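Participant: So you can see what is in the structure, the chains are spelled out below.
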Amino acid sequence: MAVDPIERRSVISGAGQSDVGRRLFRDPLDLTLDACMAAIEDAGLTTRDIDGIATYPGPMDTPPGFSGAGLVEVQDALRLEVGWYTGGIELPAQLGSVIDACMAVAAGLATHVLCFRSVYEGSAQGKEGRSAVMPGGGGGGGGFRAGGFMQWVLPFAAPSAATWIAMFAERHFHEFGTTREQLAQIALNARKNAGVNPKAIYRDPMTMDDYFDARMISSPLCLFDCDVPCDGGTAVIVSSADAVADLRKPPVQVEAVGTALYGRPSWDQFDDLTTMACRDAAAQMWTRTDIKPSDVQLAEMYDGFSFITMAWLEAMGFCGKGESGPYVEGGQRIARDGELALNTHGGQLSAGRLHGYGFLHEACVQLWGEAGERQVPGDPEIGVAAAGGGPLAGCLLLTNRR
Amino acid sequence: MSDDVPFRILPRISDRNRHFWTGGAEGELRFLRCQDDGTYVHPPTPRCPKCQGKNLAAEAVSGRGTVHTFSINVQQWMPGPEPPYVVAIVDLPEQEGLRLTTNIVNCPLDDVRIGMPVQVVFERHDEGDESVYLPLFEPVGEVS
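First to last, the protein sequences are chains U and C.
Using the numbering used here, the first residue of the first sequence is number 1, and each one after it goes up by one.
Using the numbering used here, the first residue of the second sequence is number 1, and each one after it goes up by one.
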């Protein structure tokens, strides 16, 4: 190991989630606080114990529903007195906020950090769906002009990450012979797991025929390759490893984190369009631990679009570069009772687009053995939680070993 | 371009990007280039990413390229071209890694392939103070 990973001085002591639904039409701050209080209580703490906050992406009005609450709203609503706080979007993806919290407790700036992410995209988009909200943060007509990165894609009618990720997938298909039948396994596996997750959005069984019957969105991605917008909040508590005496139950140990981005921070200028920023974040994570990819039993990895999970599988070294297609083929290997249980809650594809935090929540629940009907057989001891696609990526290696 | 130019969300023109979005007026696809070490810079920034020098100037490239990857976009996300249409990332031969997102036009959807040679064709938009010329690409040898 090249370094002394200070993230090992941090643990995850609690996790919580609000009601989750396609369209709940609830006050998003109410959902957010439900998740926060559930996590605080799960850790056996009270609001008086919380002395840090972290969130992603912070308050945002557009795209509609993308941010259910900012840090300030939550801090004030719960009257938290904090030694450290951060909220923002220019991070190693959604879980970058949690990784920051690990660093903060390791640095002694806080002891118990409330980390949260909430969305109400389902309600905000209404019946018009994603097209109504100009994914990617545009705006229609009225003299609107695109700036920043969006100027390089909006004029070409490519406002959606669906199209950007589709172009990564197409390049992967071209270089490695990956097929839609293989890609479909990410969606089919997610749906199968969602069937035993009472909070999942889509729980009805899905077949390969259903997948191929779905309308194309942006080739080679069809509707079932795209996650489902929803309403809900998720929270976790990151605590100092020195404070375990405060806690209700044995925490999940943070073994290592990955945050690197060596490629260009861009959706279309990244050097290798068959992989993503996950390549760099995952590689860095493995330099910070003696645990090996083959030791991992549980992988909760981002599926905002199905191909992103394929990229993470390769980035994590669960298979070789370009080999994610054959790796997932048939679906047995990534099933809940397979060698690498993948997205055991149904992912964002079927359980809902809780945007990154859902994967960490599920990893912790599984490592605590609290997943009920969807609990991975044999009670896994080592798992990864990974989030982000394109130029965004952050990941954590977690264990319940003492 | 022809009469039936679709609605497009246009870029906000600034001193930094004007060369790129208006070069089509002279039929030129232009990128900033470091006058000291020859590096093309895209998207444009005030300094060369290789030598960090400020000696940059816009230069025309050949306008030829190859399709690096693409997607046939079927979903109507916004007012604009009628789906399905092709969004592509095109490699330019002038420098390894010099590329841009664009549309492939004047080509049957099913004929688009990775590695296909293409050439720039500009779509003019006359809203606002100065015309904007979007660089689209068509198969080499086709007539628009």
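Keep in mind that the hints were calculated from the coordinates and are not lab data.
Hints are not guaranteed to be accurate.
Claimed, not checked - Some chain C residues close to chain U (C-beta under 7 Å, calculated; not the full set):
id : residue
1  : Val5
2  : Pro11
3  : Ser71
4  : Val112
Since this is a predicted model, take the numbers as computed values, not measurements.
Just so you know, even glycine gets a beta-carbon here, dropped at the ideal spot from N, CA and C.
Participant: Could you run down the list of hints and mark each one as holding or not?
Facilitator: Hint-by-hint comparison with the structure:
The interface hint given for Val5/C is violated, since its Cβ lies 12 Å from the closest Cβ of chain U, which is over the 7 Å cut-off. Checking Pro11/C against chain U by beta carbon gives a least distance of about 4 Å; that is within 7 Å, so the hint holds. Checking Ser71/C against chain U by beta carbon gives a least distance of about 4 Å; that is within 7 Å, so the hint holds. Taking 7 Å as the C-beta contact cut-off toward chain U, the hint placing Val112/C at the interface is violated, the least distance being around 10 Å.
Going down the numbered hints, you'll see the structure goes against 1 and 4, while the others check out.
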